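Engineer: Sequence:
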Amino acid sequence: MVYFFSNLMVHLFISASLAIAVVFFHRANRRQTVKKGIFFLLPFFVSILFLLHVAFVSVPRMLDSVDVMRARYEKSEYVVEAVGPLNTLDLDGQTYYRNPFVPKPQVGDVLVVEHTVHARYVASMKKIGEA
0 MVYFFSNLMV HLFISASLAI AVVFFHRANR RQTVKKGIFF LLPFFVSILF
50 LLHVAFVSVP RMLDSVDVMR ARYEKSEYVV EAVGPLNTLD LDGQTYYRNP
100 FVPKPQVGDV LVVEHTVHAR YVASMKKIGE A
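Residue numbers 0 to 130, in numbering that gives the first Met the number 0, belong to the letters of the sequence shown in order.
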């Protein structure tokens, strides 16, 4: 649970930093202190990056924070298709995010996984066999 909330705080910080960058670049454009043309479009590109980060990373974690505090998870059985280098698991065609302090499962393992609904954060996983 500590990993989930620390990860949430990091992503909220990234979202806030991107929002501040959008405001900063927009003010620079309004003051006409931009010297090169490419920097004129920077607020647009940073705002697109901000919206994508908020929609696909920050908001799903925020929606799942109540479920994590109450320990309400979905429980399903999956076969591990791939184990990614950045604490990811490919299960049933979707990417799930696991705690890096938990041992990695092997490809082909059959797991019972408790995960959150929106962010697909794996709260616990138990190996029940091999495929």
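Simulated from the structure, these hints should not be mistaken for laboratory data. All values reported here derive from a predicted model rather than from experimental measurement. Each hint should be verified, as a subset may be incorrect.
[As the list claims (entries may be wrong)] No farther apart than 25 Å at their CA atoms in a straight line, the calculated lysine-lysine pairs in the DSS-like style are these:
#1 34 / 74
#2 126 / 103
#3 125 / 74
#4 74 / 126
#5 125 / 103
Engineer: Now tell me, hint by hint, if it's right for this structure.
Structural biologist: Now for the hints, and whether the structure bears them out:
1. 34 / 74: violated, 55 Å
2. 126 / 103: holds, 11 Å
3. 125 / 74: Judged against 25 Å, a Cα distance of about 11 Å means the pair holds.
4. 74 / 126: Measuring from Cα to Cα gives roughly 13 Å; hence the hint holds.
5. 125 / 103: Answer holds: residue 125 to residue 103 is near 11 Å, not above 25 Å.
Going down the numbered hints, you'll see the structure goes against just number 1.
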